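Modelling step: build the complete structure from the supplied sequences, incorporating the hints.
Residue numbers (my numbering), protein chains in the order written: chain A, 1 to 278; chain B, 1001 to 1310.
One or more of the hints may lead you astray.
[Unchecked claim] Sample of chain A residues at the chain B side, in silico, Cβ under 10 angstroms:
#1 S11
#2 L16
#3 F34
#4 R100
#5 I109
#6 D133
#7 D180
#8 M191
#9 T205
#10 L239
#11 F261
#12 Q263
#13 M267
These aren't lab readings, by the way, just hints derived from the structure by calculation. Predicted, not measured: the structure shown is a model, and the values here were computed from it. By construction, the Cβ of each residue, glycine as well, lies at the ideal position given by its N, Cα and C atoms.
One letter stands for each residue in the lines below.
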Amino acid sequence: MAKKRTVKFVSLLFLLLMSFIWIVPLLYTIITTFKSEADIQSNAFTILPIHWVIGNYQDVLFDNTSAPVAKWFMNSLIISVSQTLLVVVIVSLAGYGYSRMKFKGRDAIFVFLMATMMFPAVVNLIPLYKIIDTLGWVNNNLAMIVPGATGVFNIFLVRQFMQGIPKEFDESARVDGASDFQIFIKLVLPMIRPVLTVVALFTFTASWNDFLWPSIVFNDVEKMPITPGLQLLQGMYSLDIAHALTGALVAIIPTFILYLFTQKYFMESLSLSSGVKG
Amino acid sequence: MINTGVKKELSMTAELEKNLGKKRANLSPYLYIGPHLILFAIFFLFPTLYGIYISFTNWDLIGTPEFVGFANYKEILFNQDSTFYDQLRNGLGNTFKFVLFTVPACIIVPLLLAAGLNTKPKGLKFFQALFYMPTLFSVSAVMIVFSMLFSVSFGPINHYLNVETNWLATQPYAWITLVIVTIWWTIGANMIIYQAALNGISKDLYEAAAIDGANSIQKFFRITLPSIRAQLLYTVVITTIAQFNIYGQPLMLTKGGPTSSTTVLLMYIQKNAFGSGNSIAGIGSAMAVILGLCIMVVSAIQFFFLRQRD
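Pasting the structure below:
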């Protein structure tokens, strides 16, 4: 049909226009990191660099002691990986508990947890800082890792997923004499791998990108993760375009690479998390 | 919405378990849910309740909080001579402005993109990846990029548009920039959700409507929108909550300026509780409670209106 083709054509035009807007900031960032600052100042608007240089990366990563980007990067990596591991362990245990174990008040506790998700997180910011301070965790990675493991939504996802697994599996294993823990490790964990992958990906990116909380609990420049670190970097390089952009680009590389390899999971998880509602 | 669904399922599983008739009263269930519950209680539940309590105290983050009743609330809500009164007015006002400016766009733009992608164009995967990708970047990285893009003398935007607009330090451009950046950065997730929803609508509905002589606009409002109502409700509520927590964009892009016109409430809360000088955590907490109440009330209203028309 001619009409259908017009619709297709118009939407393609629209998508092309929008993708231009979306891709320009990315290309601009990548290309500028290979320009020398002198080239930018004298010849600000050539699209490609006149001289390709990698000096910006050397400077930003290793030469600036007041904005130690390489160090921030490692701090972030340690924090995000640890937090992800902790969350996956805690969430799979709890998901198993709320969907497979029988105990008094189970459903009441779960409904209560779900209800607390409606609570705006901003209210706990100030007392949480005090708790972290009391524990001596200011400027310590634990200040991010541990409070990051309190989320309820991940448990909801895992529990939801587990309920899709027929109970007969566990029951027959139990008849064969397996204990709860054996069933959990040998039977349930392998089956819930897809949903745990989703939980892990989201935990890692959320942890890597967290901004307000780490900027409160870290004031030692050396110990900071990279996301709040970039705010210092911005102040330092406010007139130095190439270096500032290089710092920003370095900071987005891990989540970008993660996305390239696990696109499918990101896409599925989003429809999963919205589909279960409503 | 969440609760009813959950309850129904819960009662079903409960019944199933009764039939199986296995009862083992032991401690082991708590070994599974315990680790989360303990962390949840210490690092979420307790600080949240304590946060409400200290909004009624004169706490300075160091000493013992002293109960002062509604004094903090009176100060920030009614004492017109107080700087905190001005902060709340300005900060909450700007936060609401930001929500109003960005939420409609963060629903409509991804909906249009999803509709475009739903025609299955060439390069579908590329488009999808491109529009989604910025959501994986941190606010600070994205704000550095955009502060350079919009910079007055070295920014490519001014150069190619051939203007000398001071995007970040004059109004209304500061707001325009914040809205553009926020759309660019955040619409990916909503787009994916709408894509999945649009994919799920049966083609038969459209064909039947075509036979009845409906045009595209009628089809959109009579078939498409009602079919994705659940996802719309979900994204509207989630997006609004996210935008109420606006902090990083104005902090790094406009520095809250020009003259505090983009300073949002979270920036004041952060400054009062953790800024240089004496901490005024009591006042900061009262502001946080007010922000939290606003979020809950607005979510409830949205929920009510989007749910009602069923």
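How the hints compare with the structure:
no.: 1; hint: S11; result: holds (4 angstroms)
no.: 2; hint: L16; result: holds (9 angstroms)
no.: 3; hint: F34; result: violated (15 angstroms)
no.: 4; hint: R100; result: holds (9 angstroms)
no.: 5; hint: I109; result: holds (7 angstroms)
no.: 6; hint: D133; result: holds (8 angstroms)
no.: 7; hint: D180; result: holds (6 angstroms)
no.: 8; hint: M191; result: violated (16 angstroms)
no.: 9; hint: T205; result: holds (6 angstroms)
no.: 10; hint: L239; result: holds (9 angstroms)
no.: 11; hint: F261; result: violated (12 angstroms)
no.: 12; hint: Q263; result: holds (7 angstroms)
no.: 13; hint: M267; result: holds (6 angstroms)
Consistency with the previously given hints fails for numbers 3, 8 and 11, ordered from lowest to highest.
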